[in-house]
Amino acid sequence: MAEDQTLQVEELSPDEKIIQEFTEKKYEYGWVTEIETDKAPKGLNEDIIRLISSKKNEPEWLLEWRLKAFEIWQKMEEPDWAHVDYPPIDYQDIYYYAAPKKKPQYESLDEVDPELIKTFEKLGIPLQEQKMLAGVAVDAVIDSVSVKTTYKEKLAELGIIFMSFSEAVHEYPELIKKYIGSVVPRTDNYFAALNSAVFTDGSFVYIPKGVRCPMELSTYFRINEQNTGQFERTLIVAEEGSYVSYLEGCTAPMRDENQLHAAVVELIAEKDSEIKYSTVQNWYPGNPETGAGGIYNFVTKRGICRGDNSKISWTQVETGSAITWKYPSVILKGNNSEGEFYSVAVTNGRQQADTGTKMVHMGKNTKSLIVSKGISAGKSNNSYRGLVKVMNGAENARNFSQCDSLLIGDQCGAHTFPYIEVGNPTGMVEHEATTSKIGEDQIFYCLQRGLDEEKAVSMIVNGYAREVLNQLPMEFAVEAQKLLSISLEGSVG
Amino acid sequence: MLTIKNLQASIDGQEILKGLNLTINPGEVHAIMGPNGSGKSTLASVLAGREEYEVTGGEVDFDGKDLLDLEPDERAGEGLFLAFQYPVEIPGVSMTNFLRTSVNSVREYREQEALTAGQFLKLMKEKQQIVELDSNLTKRSVNEGFSGGEKKRNEIFQMAMLEPKLAILDETDSGLDIDALRIVSNAVNKLRSPERSFLVITHYQRLLDHIVPDFVHVLYKGRIVKSGGKELALELEEKGYDWIKEEVAA
Numbered sequence: 001m002a003e004d005q006t007l008q009v010e011e012l013s014p015d016e017k018i019i020q021e022f023t024e025k026k027y028e029y030g031w032v033t034e035i036e037t038d039k040a041p042k043g044l045n046e047d048i049i050r051l052i053s054s055k056k057n058e059p060e061w062l063l064e065w066r067l068k069a070f071e072i073w074q075k076m077e078e079p080d081w082a083h084v085d086y087p088p089i090d091y092q093d094i095y096y097y098a099a100p101k102k103k104p105q106y107e108s109l110d111e112v113d114p115e116l117i118k119t120f121e122k123l124g125i126p127l128q129e130q131k132m133l134a135g136v137a138v139d140a141v142i143d144s145v146s147v148k149t150t151y152k153e154k155l156a157e158l159g160i161i162f163m164s165f166s167e168a169v170h171e172y173p174e175l176i177k178k179y180i181g182s183v184v185p186r187t188d189n190y191f192a193a194l195n196s197a198v199f200t201d202g203s204f205v206y207i208p209k210g211v212r213c214p215m216e217l218s219t220y221f222r223i224n225e226q227n228t229g230q231f232e233r234t235l236i237v238a239e240e241g242s243y244v245s246y247l248e249g250c251t252a253p254m255r256d257e258n259q260l261h262a263a264v265v266e267l268i269a270e271k272d273s274e275i276k277y278s279t280v281q282n283w284y285p286g287n288p289e290t291g292a293g294g295i296y297n298f299v300t301k302r303g304i305c306r307g308d309n310s311k312i313s314w315t316q317v318e319t320g321s322a323i324t325w326k327y328p329s330v331i332l333k334g335n336n337s338e339g340e341f342y343s344v345a346v347t348n349g350r351q352q353a354d355t356g357t358k359m360v361h362m363g364k365n366t367k368s369l370i371v372s373k374g375i376s377a378g379k380s381n382n383s384y385r386g387l388v389k390v391m392n393g394a395e396n397a398r399n400f401s402q403c404d405s406l407l408i409g410d411q412c413g414a415h416t417f418p419y420i421e422v423g424n425p426t427g428m429v430e431h432e433a434t435t436s437k438i439g440e441d442q443i444f445y446c447l448q449r450g451l452d453e454e455k456a457v458s459m460i461v462n463g464y465a466r467e468v469l470n471q472l473p474m475e476f477a478v479e480a481q482k483l484l485s486i487s488l489e490g491s492v493g
Numbered sequence: 001m002l003t004i005k006n007l008q009a010s011i012d013g014q015e016i017l018k019g020l021n022l023t024i025n026p027g028e029v030h031a032i033m034g035p036n037g038s039g040k041s042t043l044a045s046v047l048a049g050r051e052e053y054e055v056t057g058g059e060v061d062f063d064g065k066d067l068l069d070l071e072p073d074e075r076a077g078e079g080l081f082l083a084f085q086y087p088v089e090i091p092g093v094s095m096t097n098f099l100r101t102s103v104n105s106v107r108e109y110r111e112q113e114a115l116t117a118g119q120f121l122k123l124m125k126e127k128q129q130i131v132e133l134d135s136n137l138t139k140r141s142v143n144e145g146f147s148g149g150e151k152k153r154n155e156i157f158q159m160a161m162l163e164p165k166l167a168i169l170d171e172t173d174s175g176l177d178i179d180a181l182r183i184v185s186n187a188v189n190k191l192r193s194p195e196r197s198f199l200v201i202t203h204y205q206r207l208l209d210h211i212v213p214d215f216v217h218v219l220y221k222g223r224i225v226k227s228g229g230k231e232l233a234l235e236l237e238e239k240g241y242d243w244i245k246e247e248v249a250a
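Those sequence lines, one after another, are chains A and B. In this text, residue positions in the first sequence follow the working numbering: the first is 1, and each later residue adds one. In this text, residue positions in the second sequence follow the working numbering: the first is 1, and each later residue adds one.
The shape of chain A in the complex, shown without the other chains:
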């Protein structure tokens, strides 16, 4: 039962000039870090997969797993149902492997390549400060290989495993073997199959029974090598009664050619456990006029509340990428389990976003909450697509969805595609949707109080997104606010 509540603004606004300036804002985080890389030739075939696997000294079973995924992928068709439009991708014209030449192991941050430190500084992420002040363990992934892991020892005392995926393959093969593909199988979709065949690295987190992870675990992803597909894989397992909050943030340097990103994230929450997964995404959105050069972000994120009373919460602030195709989902299998999805998606220039969530209620008394805030400016298109499915065994399932759209200017589009399938008569599903235009009255009020137009828009937009931003850990919320302002700067000016 799909409902298309497509909304296009047609009326001319007297603030056209303002809006044009606003939307002509250039991307601020465009630069390239010079770090030597080790790159495999372009193209995708069994040999490349074998190369990736051997570069990482992977066990035979994983190579077989990859090859099987490749076989599955070759038989699949690229999906075309999303409300996005892009030229065909030539999968043979992409590099599938690039790694920093030296893989340093540092005791202190002083030993880290100064170029890398500079990169983080430009991003406003002082690694050192974060380490000291925020108690954040940072596992920084630059071009697919983990460069730096902090706090590992402290976490190890609690039995918490937080390391790069490749390391985990060697150190905890049984855990990887048990959980990889258990939430997002290789057959799930085109991009998940592709990722399964060629993923290069990512993060692995394991929280043992009864342990509450004492700090936010954080990985900053960054696409750094020209023409390199970024195929990350993240796996988080929370054992019975445990808790973890995981942060993922990304920015990318300016590029001329499209960069494909197809990550897979799998979360497993056992009985009485909770996983909170937060993302701030700011990849290069492409040329504001033509859309050229932006990142294609085709991600599969899914969690399963396997045990009773477990909880998974997704929070995302999506400001970048030329195209976003992303539906962080929760399978509510355990009784009384809970799923949450909080999202702010900003599109500007020629950006296209088709994002939302899937909440699949299987257990009894399961609850889900969806809060989606779309913000469209420029000539962009922003779609919310969400599925709430109540299976027949899911007695007393509850869902509440709130989908709001904010339009800036009159050339952008906001769309809502809610799908609801209720297979149990005791299920209760509520959906609310609103669309509003950023008010000239609001902007003028701010101007009269001395704020310039950019500050005004930033303030109004951040207020609109407050409910979602409040879900982010403090230090991340500040960064997210900054990103919201940056991505909308210039669209009213």
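Hints were generated in silico from the structure; no laboratory data involved. Just so you know, these numbers come straight off a predicted model, no measurement behind them.
Okay, the calculated beta carbon distance ranges per label pair:
#, chain 1, residue 1, chain 2, residue 2, range
1, A, 79, B, 149, 53 to 61 Å
2, A, 419, B, 204, 51 to 59 Å
3, B, 117, A, 290, 37 to 45 Å
4, A, 478, B, 147, 32 to 40 Å
Pairs of lysine-lysine, DSSO-like flavour, derived with a Cα cap of 30 Å:
#, chain 1, residue 1, chain 2, residue 2
5, B, 151, A, 437
6, A, 39, A, 56
7, A, 482, B, 125
8, A, 154, A, 271
9, A, 42, A, 75
10, A, 437, B, 139
11, A, 455, B, 139
12, A, 455, B, 125
13, A, 455, B, 165
14, B, 122, A, 482
15, A, 455, B, 151
16, B, 245, B, 221
17, A, 271, A, 358
Just so you know, even glycine gets a beta-carbon here, dropped at the ideal spot from N, CA and C.
Since chain A is already given, all that's left is putting chain B on it; use the hints.
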């Protein structure tokens, strides 16, 4: 302080102000009255710099600067404040956050140092007392869920925070009960000073019982057609506008 010469302005091609002249000196309180549709709110909007209004003629000097040449936020920086007739709500933005950004933006324009969080909170506490504003209100989103009276008090509170040279009160008395009217008027009176001027736009004499003006002007069909002292307001209250309309027609 403010000199308006032959100001003409229109909206959607319709001329509203048709050659308005007005001079306000430092420390003076001027009241503008007039029948509905005479252009009172247009005057406030044009002075504050609302884009929808097109200035088609005349000039406005604000403390030696060409006011019409400035952006709305620059006008605020120069010390022009408008207390809105209908203050808008900004969901999700706390009053404290909004005001701090506002105060520091204006300070930046005036080349003053930004207030620290501590300094700002102290100032806010002090100014809140002037308008007898509940401190819980500043924790809420800008004007969201405020009663009509709270919104108007909140406008005067912001005025107190921003310390303008010229404050324009656009029908600040509308929708106020007697107690709120007294509080708002008291606050305005406390903010009167030899350097600060006020332009009070109102329909009713009763506000002027509390905020006693130095001059009263009648705006009719886009022009000031009569000026006098505070007694003019009383006369209007008693006799209505018909006699003025007749005078103009004659």
